[in-house]
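Chain by chain, the residues run as shown.
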Amino acid sequence: MNGGWFRIYAYGFLLFLYAPIFLLPIFAFNDGAIVAFPLSGFTTKWFDQLWVEPALHQALKNSLIIAVSASILSTCLGIFAARASTRYDFPLKGGIIGMIMLPLVLPEIILAIALLVVLLGIGIPLSIYTVILGHVLVCTPFSIAVLTAAFQSLDKSLEEAAYDLGETPVSTFRLIILPLVTPGIISSLLMTFTISLDEFLMAFFLAGTEPTLPVYIFSQFRFPKSVPVVLALGTVLVVASIILLTIAEYFRRRGIAKTGGKDTGGFL
Amino acid sequence: MSSEKPVMIEFRDVHKYYGDYHALRGINATIRAGEFFSLLGPSGCGKTTLLRTIAGFEGISSGAVMIGGEDMADVPANQRPTNMVFQSYAIFPHLTVEENVGFGLRKDPRPKAEKAKAVEDALAMVGLKGFGARAAHALSGGQRQRVALARALILKPKVLLLDEPLSALDTKMREQMQVELIKLQRQVGITFILVTHDQEEALVMSDRIAVMFEGQIAQLADPETLYRRPASRKVADFIGTMNFLPAEILSEAGDKVEVNAQGFGKITLDAAQVMSAEGSIGGATVGFRPETLTILFDGQTGSDFESEAVVEEVVYYGDMTYYDIKIKGCDSAVRLSMRNVFGRPVLDIGTKTRVAWSAGALVLFR
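These protein sequence lines map, in sequence, to chains A and B.
In terms of the working numbering, the first sequence is residues 1000 to 1267.
In terms of the working numbering, the second sequence is residues 19 to 384.
With the rest of the complex left out, here is chain A (with noise of 0.2 angstroms):
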């Protein structure tokens, strides 16, 4: 048969990534405090149990913030640095880039020991802040990676045309640049904010006494009894991230269609 073995490998594949996330919701569901089958029968209780955890809620709470700081600024950063590296020469630049873009491949635990002796050192407490920090550091060369590619297929000549008709450099890159690169900012943004709610290395280490969700989540892992809680919060958070998935696909497509580009597929 043409192709059957990499049909099969290729089911196979699927299978592997996705059997674990189903079995989340059916252990969410269960009633029965242990993870294993049979099924004792449904339940809603390990869901109720969400609502009336206030650590929970102060770890999604730092979470959120930390997320959301963190996808905006280092958004910003990318911003600038994808436009520096696309559109202008200095000298080292290829040196500058590989630097920004090395934390991409550093060991990460590396990074949040190194951040920590120096926060530290200088005597800065650790909290939230400390967290946006080194997340922000994990972060940025993702959104790099993703402005650099929106913003090289920009045409030089559009900025050009904007130019030769009137505009000035800023009203230029506010009417011309950041309609055409707004799938790419919305991309970033998405992505960033959805490395910082679930990375654990940097949190853990610099959080201090304000755990995020993943480090809330770790810790609670060493009660065998509040495993299905976990569960029924793995569950939450797989569909909101699958509604927030569904949004931003929708607006990356929207953007496309509107400026008649041709779609490859993106980052989602």
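Calculated directly from the structure, the hints in this document are not laboratory data.
Any given hint could turn out to be false.
Claimed, not checked - Which chain A residues face chain B? A few, computed with CB under 10 angstroms, are given here:
hint, residue
1, Glu-1158
2, Glu-1159
3, Ala-1161
4, Tyr-1162
5, Leu-1164
6, Gly-1165
7, Glu-1166
8, Pro-1168
9, Ser-1170
10, Leu-1174
11, Pro-1178
12, Leu-1179
13, Thr-1181
14, Ile-1185
15, Gly-1254
Positions of the beta carbon are idealized from the N, C-alpha and C atoms, including for glycine.
Position chain B against the provided structure of chain A, taking the given hints into account.
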């Protein structure tokens, strides 16, 4: 034809370096108001760079670019009285046709209705009446070209710069747009400066043409002069087809030059027919265009100058037939073109025939 008109653009010894690379090597030229002027040359000759120094997108290393008698050194691109049609058209994809055309009017203090009228008029001028509300990205290549033209012309610039505007169009569309551009230029009376690598396009459209090689203007002339009296062998090679035959200079007296050209024998030429041999290998050559050589069919008699020849290759083009013929006494074949007049036969390979030529159509490169 436009020699009495005032000077619109003047290049004074313009040099441009990119690092060590000398892109423009001392450009001196004047372009007159209302002229259709072309910068013609192979890629990398500096023609686009020169155009961009007028627009202000490219600074110059030394010299001066003057527009309307004013030095443009300190005038940024967004304040110059020039507008540009880009090679890629640079239509803003997120705006409608109307918004694109009216983009330059954003800071115009006129009331909205008047500006809308101006946009409508501009669209009508380029034959896009009723296209205003369309999304710019949904247009065809030719339509984008028209939008780009309307967008640039709506600001009534002193000079319209066109950077290879027709290169992205197919042959039919290109020929149609060439004619439309000429008409449009006559209609608006604005100075057009066209950059092109297509010699035919330049010949068809321009009042005058500057042929550029390696950052220098090799010849600046009207199309006919450029075609009939190319200033150097290099220009001759670039513009159209030219045949070259080795020649020996026998004597020079006053403004007459006597040469012995292979296949043609002894000929006396005017000093005006003597050009630079730059770009040629070996000694002097005489050059002539394919259409200046005529096959003499039975019963026809030529001018004073006739040679015997043999047809070596025939290329039939419908309206024209190209023959490669070997003139008696020549080492290599030359190309000859004949219009296919009704009733005239197309000759076969190997046919022996006579060809007529004229000394006035020859150019000597030495």
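Regarding the hint that Leu-1164/A lies at the interface with chain B, is the smallest CB-CB distance below 10 angstroms? 4 angstroms, holds
Quick check on Tyr-1162/A please, does its C-beta sit within 10 angstroms of some C-beta on chain B? 5 angstroms, holds
Any CB of chain B closer than 10 angstroms to the CB of Glu-1166/A? Status holds, d = 6 angstroms.
Measuring from the C-beta of Pro-1168/A to each C-beta in chain B, is the shortest one below 10 angstroms? 9 angstroms, holds
Identify whether the interface hint at Gly-1165/A stands, where standing means a beta carbon of chain B within less than 10 angstroms of its own. Hint on Gly-1165/A: holds, closest Cβ of chain B at ~5 angstroms, below 10 angstroms.
Let's test the interface hint: is any C-beta of chain B closer than 10 angstroms to that of Leu-1174/A? 8 angstroms, holds
Closest C-beta approach of Ile-1185/A to chain B relative to 10 angstroms, hint status: 15 angstroms, violated
Holds or violated: the hint that Thr-1181/A contacts chain B, with Cβ atoms closer than 10 angstroms. 9 angstroms, holds
Hold the hint about Glu-1158/A up to the distance rule: shortest CB distance to chain B must be less than 10 angstroms. 9 angstroms, holds
Go through the hint on Pro-1178/A and say holds or violated, using the shortest Cβ distance to chain B against 10 angstroms. 5 angstroms, holds
Does the CB of Gly-1254/A sit less than 10 angstroms away from some CB of chain B? 9 angstroms, holds
Please verify that hint: Ala-1161/A, Cβ, nearest Cβ of chain B, below 10 angstroms or not. OK, holds: Ala-1161/A within 10 angstroms of chain B, min 7 angstroms.
Hint violations for this structure: number 14 only, all remaining hints satisfied.
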